[in-house]
Amino acid sequence: MMALALDLLSWIFLLAGAAFLLIGAIGVLRFPDFYTRLHAVSVCDTMGAGLVLIGLMLQGGLSLVTVKLLLIFYFMMFTCPTAVHALAQAALQGKLKPVVDDRES
Amino acid sequence: MEHFIDIVLLGLLMITGFAIVRLRSLLAVTMLTSIYSLLSAALFVVLDAVDVALTEAAIGAGISTILMLATIAQTTDREKVPRHTPLLPLIVVITTGAALIYGTLDMPHYGDPDAPVHRHMAAAYLHDTPLEIGVPNVVTSVLASYRGYDTLGEVTVIFTAGIGVLALLGYHTRRQNIQPPGIKKIVVLRVIAKLFLPLILLFALYILFHGDYGPGGGFQAGVIFATGFILYALAFGLGNAQRLIPQRLLHGLAAAGVLIYAAVGIEGMLLGGKFLEYRVLADDPVTGQHLGIMLIELGVGITVAAVMLIIYFGFVSRQNSGDS
Amino acid sequence: MSNLLGHYNYWIVIVLMMTGFYIVIARPNLIKKVIGLFIFQTSVFILFISMAKIEGGSAPIIEEGISVYSNPLPHVLILTAIVVSLATTALGLALIVRIREAYGTTNEDEIHVQDEQD
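Protein chains in written order, with numbering that gives the first Met the number 0: chain A, 0 to 104; chain B, 0 to 323; chain C, 0 to 117.
Keep in mind the hints are simulated off the structure, nothing from the lab. Among the hints, a few may not be true.
Stated by the list, open to error - Quick list of simulated restraints, FRET-style, between CB atoms:
(1) Gly272/B to Trp10/A: 30 to 38 Å
(2) Phe3/B to Ile11/A: 33 to 41 Å
(3) Thr286/B to Leu3/C: 31 to 39 Å
(4) Pro81/B to Leu7/A: 50 to 58 Å
(5) Ala24/A to Ala98/B: 48 to 56 Å
(6) Leu86/A to Met106/B: 23 to 31 Å
(7) Arg97/C to Val156/B: 42 to 50 Å
(8) Ile61/C to Leu69/A: 24 to 32 Å
Where is the CB? At the ideal position from N, CA and C, for every residue including glycine.
Make a model of the complete structure from these sequences and hints.
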């Protein structure tokens, strides 16, 4: 019974992670500007990969594999936002202007 | 199910390949090459080649992309339209492809356990490794012990590449700090780089010594070790990174790794065995094998890390001003 | 049909190899040629590793309870080949940097023109 509940929970996390990855990918294709596309990519990196890792941790149970996955999750939470931040700052210093809505409304 | 993942990954590889042919912006082409490497690393995992996947991800998607970006920073970024129509290359390519496909019709089916390639030495290696060497990772045991002479040649090739790049590009120690103009404003990057550098180096050492029990080994560890220092050089500037690792130390380390490897071989000869025979290095043959494998992986890791840094510093220190 | 099921892997990899080959001979930019060579080499690695796979086998790390392992010998050869491909790519890119400093361009056609003028 416990195993079934854990399995179901891990499947929910895996599917949610896959859904976020899909949303991020559609965002990269459809958004008009570099900065908005960067925002969509960061959703892929943090939410998508993070949820998939949590789902895999639940599948692994209590073992060395789960500890390794936890470490990967921890490091990804540090490095993904840093990479996106560095990209955005580099684009700003390269004088790439964001697309601003100029209509009077 | 596995075939489905196979086909999806191969399809993505084909799309990436065609995009690389068509695009004109070299920066986009470099990023697509990195994606190509990562996709083939994923394909290697599906094909049960975990050691090869780790090496391809570290080398292909990591160091090769950095070197290509460094080259593009010093040359142009756009590719000019070719002047003549590529009809003759297309004919040559299609003819070669058709000939190769005709050649594969004779090959055994994918995944066939009775293929001729599985009959000769593979079963012997899989059977003898637990008895003679006692190391669970068969790829490491074959690479380091049964075919150790090939690996010595491979280390020498890496060392020669380092010498070649040193001869072509030189190694200029910059007094002032070369860094991109606005990098001091990205405080987050500097903090994270400083925080993660010891963790990256620790991870490299883990992969080096854990290569006996899981995927890993000297080459992957050396590349990851160099990547840590390249991250530091990107965040803090080239002058700071070169002050961190002096030039003579790098050159010395590159040679020291190859010397360690060859010294293990000669020690085998001095103790009564043949060149690169590890059994005689200790009282118990299995312990001798362990010792030999550990020493040569260390030598390989040292040489690869030093040569990667020599190549990177050679590329980046050749710029005359601070733009990159 | 069994031919298709047994060999589709090899045929797709041959298409990838020909893509890399086409980039090397048809594009005049030197950096693109080096990238094409890199794609060609990586596709050859995929060909070798797919020859080593055994249906139902696992990675060649000896563990209790597994009886069929994939062939470790091509893995060792391809490990060496990946490292050697990195060495040649690094040397090729270093040569491109020097060529750019000597000729002022990385386009093969313009280099030929400059050579014929001398």
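Hints, one by one, checked against the model:
1. Taking the beta carbon of each, glycine 272/B and tryptophan 10/A are about 56 Å apart, not inside 30 to 38 Å as hinted.
2. The beta-carbon spacing between phenylalanine 3/B and isoleucine 11/A, approximately 23 Å, falls outside the hinted interval of 33 to 41 Å.
3. Checked against the given bound of 31 to 39 Å, the beta carbons of threonine 286/B and leucine 3/C, roughly 51 Å apart, lie outside it.
4. Taken as a hint, the range 50 to 58 Å holds for the pair proline 81/B and leucine 7/A, whose Cβ atoms sit roughly 57 Å apart.
5. Between alanine 24/A and alanine 98/B the beta carbon distance is about 38 Å. The supplied range of 48 to 56 Å is therefore violated.
6. In this structure the supplied range 23 to 31 Å is violated for leucine 86/A paired with methionine 106/B, their Cβ-Cβ distance being about 45 Å.
7. One distance hint, 42 to 50 Å for the beta-carbon pair arginine 97/C and valine 156/B, is violated here, with the actual separation near 21 Å.
8. A C-beta distance of roughly 27 Å is found between isoleucine 61/C and leucine 69/A, which places it inside the suggested range of 24 to 32 Å.
Consistency note: the structure conflicts with the earlier hints numbered 1, 2, 3, 5, 6 and 7.
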